[in-house]
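Student: Sequence:
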Amino acid sequence: MFVLYAFLISVVFAAVSTLCIKTFQLENYRVGKYVFKVFRFQFAIGRKTPLVCTNRVKRLFFCIFLLFFCIFLLFFGLIANFWVNFLLVFLLLIFLPLVDILAFWLLEPFEKMIKLRYIKKAKRKLSISGCQIVAITGSFGKTSTKNILTQILKKEFRVCASPRSFNTPMGICKTILEDLKETDEFLILEFGARHVGDIDELCKITGVDFGMLTPLGNCHLETFGSLENLENTKFELCQHSKKFVVFSGKNLSGQKLFERFCGKKFLVGVENSFAFAKDIKLTSEGSLFTLVLDGEEHSVRTQLLGEANIDNIVEASAMAYLLGMSDVDIASAIADLKPTPHRLEMIRGFANVIDDAYNSNFDGFQNALNVLKSFKGRKIVVSPGIVELGRQQYETNLKIGKEVGDVADIFLIMNETNKDALTEGCISSDGNKCEILYAKSREEQKQILAKVIRAGDAVLFENDLPDNIR
Numbered sequence: 004m005f006v007l008y009a010f011l012i013s014v015v016f017a018a019v020s021t022l023c024i025k026t027f028q029l030e031n032y033r034v035g036k037y038v039f040k041v042f043r044f045q046f047a048i049g050r051k052t053p054l055v056c057t058n059r060v061k062r063l064f065f066c067i068f069l070l071f072f073c074i075f076l077l078f079f080g081l082i083a084n085f086w087v088n089f090l091l092v093f094l095l096l097i098f099l100p101l102v103d104i105l106a107f108w109l110l111e112p113f114e115k116m117i118k119l120r121y122i123k124k125a126k127r128k129l130s131i132s133g134c135q136i137v138a139i140t141g142s143f144g145k146t147s148t149k150n151i152l153t154q155i156l157k158k159e160f161r162v163c164a165s166p167r168s169f170n171t172p173m174g175i176c177k178t179i180l181e182d183l184k185e186t187d188e189f190l191i192l193e194f195g196a197r198h199v200g201d202i203d204e205l206c207k208i209t210g211v212d213f214g215m216l217t218p219l220g221n222c223h224l225e226t227f228g229s230l231e232n233l234e235n236t237k238f239e240l241c242q243h244s245k246k247f248v249v250f251s252g253k254n255l256s257g258q259k260l261f262e263r264f265c266g267k268k269f270l271v272g273v274e275n276s277f278a279f280a281k282d283i284k285l286t287s288e289g290s291l292f293t294l295v296l297d298g299e300e301h302s303v304r305t306q307l308l309g310e311a312n313i314d315n316i317v318e319a320s321a322m323a324y325l326l327g328m329s330d331v332d333i334a335s336a337i338a339d340l341k342p343t344p345h346r347l348e349m350i351r352g353f354a355n356v357i358d359d360a361y362n363s364n365f366d367g368f369q370n371a372l373n374v375l376k377s378f379k380g381r382k383i384v385v386s387p388g389i390v391e392l393g394r395q396q397y398e399t400n401l402k403i404g405k406e407v408g409d410v411a412d413i414f415l416i417m418n419e420t421n422k423d424a425l426t427e428g429c430i431s432s433d434g435n436k437c438e439i440l441y442a443k444s445r446e447e448q449k450q451i452l453a454k455v456i457r458a459g460d461a462v463l464f465e466n467d468l469p470d471n472i473r
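Just so you know, we're using our numbering here: the sequence shown kicks off at 4 and counts up by one.
Just so you know, these hints were derived from the structure itself, not from any lab. By construction, the Cβ of each residue, glycine as well, lies at the ideal position given by its N, Cα and C atoms. Careful: at least some of the hints might be erroneous.
[Said to hold, decoys possible] Only pairs whose alpha carbons sit at most 27 Å apart, straight line, appear in this in silico BS3-like list of lysine-lysine:
no.	residue 1	residue 2
1	245	126
2	402	422
3	184	284
4	158	184
5	268	281
6	246	123
7	128	207
8	157	118
9	184	123
10	405	436
11	61	158
12	341	379
13	157	177
14	245	177
15	245	267
16	245	281
17	341	177
18	158	123
19	259	207
20	61	115
21	341	158
22	245	259
23	245	128
24	405	379
25	158	177
26	184	118
27	158	36
28	126	246
29	115	177
30	436	422
31	207	284
32	36	61
33	126	184
34	376	268
35	341	284
[Said to hold, decoys possible] Between beta-carbon pairs, the in silico distance windows are:
no.	residue 1	residue 2	range
36	282	21	52 to 58 Å
37	341	89	47 to 53 Å
38	44	108	19 to 25 Å
39	451	351	17 to 23 Å
40	182	431	46 to 52 Å
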């Protein structure tokens, strides 16, 4: 009978552990960050970012169940006292997250073997594919630039690109193994990084023929430690690029790395560079501008919103031109570009919704507010601010709050993380006419918006924190 009890209780404990596993997954399996969340009782409760049931999660879940079953089987078999067993169950429930960590450590050597095998398969497939690899990294605009470049190149070439924000070793290997076809001429990849050496690891997996650096800035400073470390990490892409690198010159970091690089290179985005935009006209319907590409001018129109998207178009156009497309074909392709989901995506209806939920940086926030200005009617901003900025987080969100207060009629602040900084900044804005509201959950957000929103309002959703950040 005690075997059945041990089995049933282990099933219950393993089921409860899914809450912990989700938190662990959202912290990218970093034990230190996970323990910090556990001690502060900040588990990822919510539906915004559901647990992704990868094979790794399934293995972890089974290992947790097995550990609990062995523990309960041993104690229930050796100790017949009900209250002693009850105390054991109670203590294990309290220390359940530690069992998750133990299971993680037990599986880690096995997981590394699986990862290496997966990488070897991807490398083997790449070695016989014959496609050329375009790798994109930076702080802002990586996904949008990748999608824009893919749409342009597909007018003339066979192209494979990593989906959504697949920018980790396993995500990129998954793209190669599942999506890359023998006939594809270009593979366009987005390289993400949170730590020094991350880009170097990705480059060694895939190799790089052509590199692209989008604008750099204060992102993930909590893990990088400094802007210099971030710059050095992104520069790893340049060092691995075999043919040439296209640099965005929209900020000082990009210009500095352009000067630092000794290989074949092209600077874009600034006046008199290889490619840039001029005569820009931004509207709530899209953008009009003159694309200057290798000295030739083309008047182009796009439905994409905001100046940041024009910067992305310019850099993608430069790369497409250097890869063999004509400037005329590129200008034609720009008119057909579709927005990247959740990145200044326009949804028209009872109110005009600007979905920028996947943007999480200061420059992107400013750009989104400039887009919001172009709309008529009341302006509503829904945002939790920006995270992972280390010591600069409070000051940055203070500035964001002030800028929102200068533009918006209503500011709905989500979550507790940056609430004080955003509120203080908004109150200090010029005129101080912005109404400030608060919501702790998406459900509460919907209820508040249902009460305040009117026909013709423009609503900006900027950033959307996962469930592990409150």
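Student: Now, for every hint given, state plainly whether the structure supports it.
Tutor: Quick rundown of the hints versus the structure:
Annotation: proposed proximity of residue 245 to residue 126 holds, straight-line Cα distance about 17 Å (limit 27 Å). Between the alpha carbons of residue 402 and residue 422 the distance comes to roughly 13 Å, so the proposed pair stays at or under 27 Å and holds. Simply put, residue 184 and residue 284 have alpha-carbon atoms about 40 Å apart, too far for the 27 Å limit, and the pair is violated. Of the supplied pair hints, the one linking residue 158 and residue 184 holds, its CA atoms being roughly 17 Å apart against a limit of 27 Å.
The straight-line distance between the Cα atoms of residue 268 and residue 281 is roughly 22 Å, inside the 27 Å bound, and the hint therefore holds. Taking the CA atoms of residue 246 and residue 123, the gap is about 24 Å. The hint holds against a cut of 27 Å. This hinted pair checks out: residue 128 and residue 207 have alpha carbons roughly 15 Å apart, not beyond 27 Å. A C-alpha spacing of about 31 Å is found between residue 157 and residue 118, which places the hinted pair above 27 Å, so the restraint is violated.
For the given pair, residue 184 sits about 17 Å from residue 123 by alpha-carbon distance, which is consistent with the 27 Å threshold. This hinted pair checks out: residue 405 and residue 436 have alpha carbons roughly 11 Å apart, not beyond 27 Å. The straight-line distance between the Cα atoms of residue 61 and residue 158 is roughly 41 Å, outside the 27 Å bound, and the hint therefore fails. Distance check on the hinted pair: residue 341 and residue 379 sit about 23 Å apart at the alpha-carbon level, within 27 Å; holds.
At most 27 Å may separate the alpha-carbon atoms for a hinted pair to count; residue 157 and residue 177 meet this at roughly 21 Å. Restraint check for residue 245 and residue 177: satisfied, since their Cα atoms lie roughly 24 Å apart, inside the 27 Å limit. Straight-line distance between C-alpha atoms of residue 245 and residue 267 comes to about 9 Å, which keeps the hinted pair within the 27 Å bound. Taking the CA atoms of residue 245 and residue 281, the gap is near 31 Å; set against the 27 Å cutoff, the hint is violated.
Our distance criterion of 27 Å between C-alpha atoms is met by residue 341 and residue 177, whose separation comes to about 25 Å. Between residue 158 and residue 123, the direct Cα distance comes to roughly 32 Å. Violation of the 27 Å bound is thereby established for this hinted pair. For the proposed pair residue 259 and residue 207, the alpha carbon gap of about 24 Å is at most 27 Å, so the pair holds. Restraint check: the Cα-Cα separation between residue 61 and residue 115 comes to about 16 Å, which is no more than 27 Å; the hinted pair holds.
Straight-line distance between C-alpha atoms of residue 341 and residue 158 comes to about 14 Å, which keeps the hinted pair within the 27 Å bound. The straight-line distance between the Cα atoms of residue 245 and residue 259 is roughly 20 Å, inside the 27 Å bound, and the hint therefore holds. Taking the CA atoms of residue 245 and residue 128, the gap is about 19 Å. The hint holds against a cut of 27 Å. Distance check on the hinted pair: residue 405 and residue 379 sit about 21 Å apart at the alpha-carbon level, within 27 Å; holds.
For the hint pairing residue 158 with residue 177, the CA-to-CA distance comes to about 25 Å; that is within 27 Å, so the pair holds. About 22 Å separates the Cα atoms of residue 184 and residue 118, which keeps this hinted pair within 27 Å; it holds. In summary, the hint linking residue 158 to residue 36 is not supported, as the alpha carbons are separated by about 45 Å, beyond the 27 Å threshold. Of the supplied pair hints, the one linking residue 126 and residue 246 holds, its CA atoms being roughly 20 Å apart against a limit of 27 Å.
Restraint check: the Cα-Cα separation between residue 115 and residue 177 comes to about 16 Å, which is no more than 27 Å; the hinted pair holds. Between residue 436 and residue 422 the CA atoms are separated by roughly 18 Å; this keeps the pair inside 27 Å, and the hint holds. This hinted pair does not check out: residue 207 and residue 284 have alpha carbons roughly 42 Å apart, beyond 27 Å. The straight-line distance between the Cα atoms of residue 36 and residue 61 is roughly 21 Å, inside the 27 Å bound, and the hint therefore holds.
Simply put, residue 126 and residue 184 have alpha-carbon atoms about 14 Å apart, close enough for the 27 Å limit, and the pair holds. The suggested pairing of residue 376 with residue 268 is violated, with an alpha-carbon distance near 36 Å, which exceeds 27 Å. As the CA atoms of residue 341 and residue 284 are separated by approximately 19 Å, the hinted pair is consistent with the 27 Å bound. A hinted range of 52 to 58 Å for the beta carbons of residue 282 and residue 21 is consistent with their spacing of about 55 Å.
Range check, residue 341 to residue 89: Cβ separation about 59 Å, and the 47 to 53 Å hint is violated. A C-beta distance of roughly 23 Å is found between residue 44 and residue 108, which places it inside the suggested range of 19 to 25 Å. Against the hinted window of 17 to 23 Å, the Cβ-Cβ separation of residue 451 and residue 351 comes to about 22 Å, which satisfies the hint. Between residue 182 and residue 431, the C-beta spacing of about 48 Å keeps the proposed range 46 to 52 Å intact.
Hint violations for this structure: numbers 3, 8, 11, 16, 18, 27, 31, 34 and 37, all remaining hints satisfied.
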